[in-house]
Structures are given as C-alpha cells and as structure tokens.
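S.K.: Assemble the whole structure, with the sequences as input and the hints as a guide.
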Amino acid sequence: NIWIFTMKKMLGFTSFEFYFVVSIIGIIALVAMQRYVQLVEETRRLSFEVVAKHFNASVYNHHARWIMAQQQTKKFRMDVDGLDAQFSPQGWVLAVLTDTMLVSGVSVASCLSLWNNLLQNPPSISYEGGDPYGSRVYHLKVLSEGGCRFELVTDSPGEFYFDYMPFSGKVT
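Per the numbering used here, numbering of the sequence shown is gapless, rising by one per residue and ending at 172.
Hint data in this document are derived by calculation from the structure and do not stem from the laboratory. Because the structure is a prediction, the values reported are computed rather than measured. Don't take every hint at face value.
Simulated restraints on C-beta separations [unchecked claim]:
(1) Leu46 x Phe16: 21 to 29 angstroms
(2) Val22 x Thr154: 32 to 40 angstroms
(3) Lys53 x Ile25: 36 to 44 angstroms
(4) Thr14 x Asp155: 42 to 50 angstroms
(5) Ser107 x Thr154: 24 to 32 angstroms
(6) Glu159 x Val108: 17 to 25 angstroms
(7) Tyr19 x Gln120: 52 to 60 angstroms
(8) Ala69 x Arg44: 35 to 43 angstroms
Built from N, CA and C at the ideal position, the CB exists for glycine as well.
M.R.: Structure follows, in structure tokens:
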C-alpha cells in the first residue's frame, strides 16, 4: 500500500501554486511596464535634444554663410541652398521666405518657416492659431521678447524647450 501511494502521479497545480505563479508574473510585468514607460520618455527627450542641436547648427551655418557673403555686399536677404532667407543686421536668420514680402518682426509664420526649412525632415509642430497641441509632439510659441520657443509637449508643459532669438542669434 505504501508503495502504491508514493507512485501516485500529480496531475496539475494546486490553486495556491497557480495564484503564486500568476502573481509573480504580474509583478514582473508591472516592473517591466514602468521601465518601458521611462525609456519611452527618455527617448522623446533625447530626440528633442537632437532636434535642438540640429536647429542650432543650422542657425550658425546660415550665419557663417551670411558673413562670407558680406565680404562682397551688404544684404539682408539672400539665397541659401535654394531658399530665400532673410537675415537680421547682425546676420542671424530671421525667416525663410516663400514670397516677396520681408519680415519686420518675429511672428508665428517666421518661426514656423525656420522650423520647417532649417531642419531636415522636421517633425510636425503645433502652433498658436493653428493646431493647438493636437496630436503633435512639438509646439511653437512666439515670445513677447521677440523670439521663437519650440517645446516638447509633455504632461507638464514648458518643461523641455529651446528658444531662438533671431535678432541676437541666441539659442538657449
């Protein structure tokens, strides 16, 4: 009888074992999901930093081209890579123009033209008077000091941004 009792096969899990395994899997999934969300947010921030660095490099590239062109003549509007760009008296790009009008100040249109033409394959951006936030990752504001603010849309607005002051060339 003892030998037969020890030879009896277990045909499944007890309910305790089942719930224990399911709860362990749930805890592991919860920790993994939190880490995944953190990685996605870090990736968005890094991508924004890359966009800001590219924008800054393009501004300084246009400034260098303006300086080189100034050796021949004083111009505030010139062709740069097939684009009609307008410059400040100090040589900082104000706008990339699509028509014959000159820009007198910083506006949503001038900031938007910079975003769309200084960056290669720029990400879509929302702006005041256009698509307010919407599904865009980036948002454009015109600052009262006469600059453009490009910000990453997050749960806490205004946390990640860079400003471009076209009359001084400052990118912060």
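S.K.: Taking the hints in turn, state whether each one holds.
M.R.: Hint by hint, here is what the structure shows:
no., hint, result
1, Leu46 x Phe16: 21 to 29 angstroms, "violated, 45 angstroms"
2, Val22 x Thr154: 32 to 40 angstroms, "holds, 35 angstroms"
3, Lys53 x Ile25: 36 to 44 angstroms, "holds, 42 angstroms"
4, Thr14 x Asp155: 42 to 50 angstroms, "holds, 44 angstroms"
5, Ser107 x Thr154: 24 to 32 angstroms, "holds, 25 angstroms"
6, Glu159 x Val108: 17 to 25 angstroms, "holds, 22 angstroms"
7, Tyr19 x Gln120: 52 to 60 angstroms, "holds, 55 angstroms"
8, Ala69 x Arg44: 35 to 43 angstroms, "holds, 38 angstroms"
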